[in-house]
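Peer 1: Can you make the complete structure from the sequences, with help from the hints?
2 protein chains.
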Amino acid sequence: MGKKRVDKGTFYGVGVGPGDPELITVKGLKLLQKVPVIYIPKSGEESGSFALEVVEKYLDSSRQEIIDLVFPMCKDREGLQQFWDQSSRLILDRLGLGLDVACICIGDPLFYSTFAHMMRKVSEGDPNIPIKIIPGVSSISACTSAISLPLVQAGERLAVIPATYDPEGIHQVLLGFETVVLMKVNRVVDKVLPILEDLGLKKKAVFVSRATTDAQEVVWDLDQLRDKRLDYHSMMIIKKHS
Amino acid sequence: MGKKRVDKGTFYGVGVGPGDPELITVKGLKLLQKVPVIYIPKSGEESGSFALEVVEKYLDSSRQEIIDLVFPMCKDREGLQQFWDQSSRLILDRLGLGLDVACICIGDPLFYSTFAHMMRKVSEGDPNIPIKIIPGVSSISACTSAISLPLVQAGERLAVIPATYDPEGIHQVLLGFETVVLMKVNRVVDKVLPILEDLGLKKKAVFVSRATTDAQEVVWDLDQLRDKRLDYHSMMIIKKHS
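Protein sequences appear in the order of chains H and P. For the first sequence, the residue numbers in the working numbering are 1 to 242. For the second sequence, the residue numbers in the working numbering are 1001 to 1242.
For the record, the hints were derived by calculation from the structure and aren't laboratory data. Treat the numbers as computed from the prediction; the structure is a model and nothing was measured. Even for Gly, the Cβ is constructed at its ideal location relative to N, Cα and C. Careful: at least some of the hints might be erroneous.
In the EDC-like style, the derived pairs of lysine to aspartate or glutamate whose C-alpha atoms are separated by at most 16 Å in a straight line are [to be verified]: (1) P:K1008 - P:E1124; (2) P:K1030 - H:E22; (3) P:K1184 - H:E156; (4) H:K240 - H:D166; (5) P:K1121 - P:E1078; (6) H:K184 - P:E1156; (7) H:K30 - P:E1022; (8) P:K1191 - P:D1166.
Across the chosen pairs, the derived CB separations fall in these ranges [stated by the list, open to error]: (9) H:R187 - P:I1131: 30 to 38 Å; (10) P:R1063 - H:V218: 29 to 37 Å; (11) P:D1231 - H:W220: 34 to 42 Å; (12) P:R1063 - H:G79: 41 to 49 Å; (13) H:Y232 - P:R1120: 30 to 38 Å; (14) P:D1166 - H:K191: 45 to 53 Å; (15) H:D227 - P:E1078: 49 to 57 Å; (16) P:Q1064 - H:G79: 53 to 61 Å; (17) H:E53 - P:R1089: 42 to 50 Å; (18) H:D7 - P:G1200: 38 to 46 Å; (19) P:Q1064 - H:D227: 47 to 55 Å.
Peer 2: Okay, here's the thing in structure tokens:
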């Protein structure tokens, strides 16, 4: 008798939205409640698990395997590589057994998410694994909803850049776009404020962190941000014509 | 006896996502099923109603008032102004009676949405009306999910611009950003293709329309787009390092 062929599981990237558990999509929720294996990658930058907090009430650990992996703090490429290899092997094992695996992503899986790494690793490990993405509400939409500020309107241009980009680069982008979003601004506020002052844009900017969660913070007077310990999930939105 | 004060209704902007009805958020769905008045603005560019298609199965016209307004085709500012005035008066009437009104927005209410107009009009008409936004999955996230392509990863920069922008402007932005999204590319493909050819980026670009719907179209060979009638809900994503 020949060996019975097992159909491979599907690897899902599920965007669960920015933080409010009800901002998951109906599609994402249905999938999370159905798949046998849930994979929750967590950034080493955080002590708790934001991702798990968001989806916890939807999961059932009595019938679902919940794999909870904290990224190592190591900055070296080799250490990170090993971590990605290990994590993807865990996932590939389950997929090889025919089990569907859902990887939880805060926000949207394809917008500044570590899911892109995992997707590539899984695909390299077995090119025959089906990969499906369920998009999610991004942290940017969460921030604009928190402050009721249109991000861009017809005819306007938007730039989204890491706040850790070089100051000259940030300066140039601020000159050329109606709306600019600076991602992960928490560690570089003291570098960003002088640029905004130079361009007369300090009053056109707003700082938002953990939008849509109970810990949401919105700061319009940017001077309040100086020398403060700021949340990792933060951004600044600069709108010239607001 | 004094006149009894009626609490004003809340004006909600509800992002219903990019097209697949299951890509509405749990929060958005709950609200849509609860509010007494639903306002569905429709672009004159379309014959049917995309917005209504997305939410129709969630609504109950026996107990909910569904106000369905098609934008006028007029290009003159005055005609449009009249239209906005009329529409906002309809909404303000209901809000004044204490009824909550939800305005349906394809994608996210604050990302290239006509909701921003309506929000301003309602606010001008009565500054005491509470306005709340429920963010939604944007058309950009829908497009990247359709093609399983990471939009931006750590360290990368994103620009989103209307494809109708001047060619020199598009050229400059393509030079300066790792990922560029050209919105509403349907009418200007013949203008955009030569720019991509000049920069050697034609094979790094993909055209997507109506992502997540049954009418979804993904075109990697951009030459197929020439002289074709393209859908209004379309965009092009150009990723240099893909």
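Peer 1: Of all the hints given earlier, name the ones this structure violates by number, lowest first.
Peer 2: Numbers 4, 12 and 14 - these are the hints that the structure violates, sorted from lowest upward.
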